[in-house]
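Q: Sequence:
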Amino acid sequence: MTLELAGGGPVIDDKMITAYAPNITPAGEIAGWSDAELSRAIREGIRPDGTLIGPPMPFSLYKGLSDTDLAAIVAFLRTLKPIEHTVPKSVYNIPLPPAYGPPVTHVADIPRGPTAEYGAYIAGPIAHCLECHTPMGPQGPMYDGHLGQGGFEFPGPWGTSVSANLTSGDDGLKSFSDTQIADMITKGVKPDGTRMLPPMPYAWLAKMTPDDLQAVILYLRTLPPLPDYKG
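Here UniProt numbering is used: the first residue of the sequence shown is 1, the next is one more, and so on.
Don't take every hint at face value.
What the hints assert, rightly or not - Straight-line Cα separation of at most 20 Å, SDA-like style, residue types lysine to any residue; simulated pairs: (1) K63 <-> G8; (2) K187 <-> K81; (3) K230 <-> V162; (4) K187 <-> D211; (5) K89 <-> V104; (6) K187 <-> L218; (7) K230 <-> I122; (8) K89 <-> V162; (9) K81 <-> G8; (10) K230 <-> K187; (11) K187 <-> T209; (12) K174 <-> T209.
Don't read these hints as lab results, they were simulated from the structure.
Between the sequences and the hints, there should be enough to build the whole structure, so can you do that?
A: This is the structure in structure tokens:
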């Protein structure tokens, strides 16, 4: 934690991508960026010099961050202690697109509360749950037709964990109560008492308010039922 947000990695290391998380403390690359430039980098993946930030940053979701929440993130990053830490440059052996979509000019706030609408916002742009719990294709998560279907593999010191099916079907969350789902999200404990594997950030998700957690569960109940992804 002495290097919190000072970068490291690699977060992805395969034949296509070797991606390192950059130093985003005030001692890193962002030190000279304006708030508007930093906001654009977060939401659109474009640096002030016009170059594109590569995967796995989830720009398809971050473009949905509201103006208010994006400003809050930028304000928080400005408060971080500057940490000098050199991180290697990411290497991409795949072509990056010219952009991740049209410029984002304004995103309104989603009214807070224990609603499926606000849960979709938390599970999407805020916590990007759906990025990890949707199968990964050559161009990224396959949101069209496979949203929340699971099957994304995460190798690590724990072995290989596979993201679960979050849809409302029999292979998903249909048989689980709201309390059981809440325990899996915030405690990493299945109904039978077994521990769930990383990299799900249980400790961070446990900081959600009760209303926010209920909103996420309400949203997950709306996901169309899909069988477990088989590739």
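Q: Now tell me if each hint is right for this structure.
A: Here is how each hint holds up against the structure:
1. K63 <-> G8: violated (24 Å)
2. K187 <-> K81: violated (30 Å)
3. K230 <-> V162: OK: K230 and V162 at ~11 Å, within 20 Å.
4. K187 <-> D211: holds (17 Å)
5. K89 <-> V104: Violated: K89 and V104 sit about 27 Å apart, past 20 Å.
6. K187 <-> L218: Measuring from Cα to Cα gives roughly 18 Å; hence the hint holds.
7. K230 <-> I122: Violated, at about 27 Å.
8. K89 <-> V162: With Cα atoms ~28 Å apart, K89 and V162 exceed 20 Å; violated.
9. K81 <-> G8: Holds - the C-alpha atoms of G8 and K81 are around 16 Å apart, at most 20 Å.
10. K230 <-> K187: Distance ~27 Å between K230 and K187 Cα, so the pair is violated.
11. K187 <-> T209: holds (14 Å)
12. K174 <-> T209: Cα-Cα ~23 Å, so violated.
Violated hints, listed in ascending order, are 1, 2, 5, 7, 8, 10, 12; each of the other numbered hints is respected by the structure.
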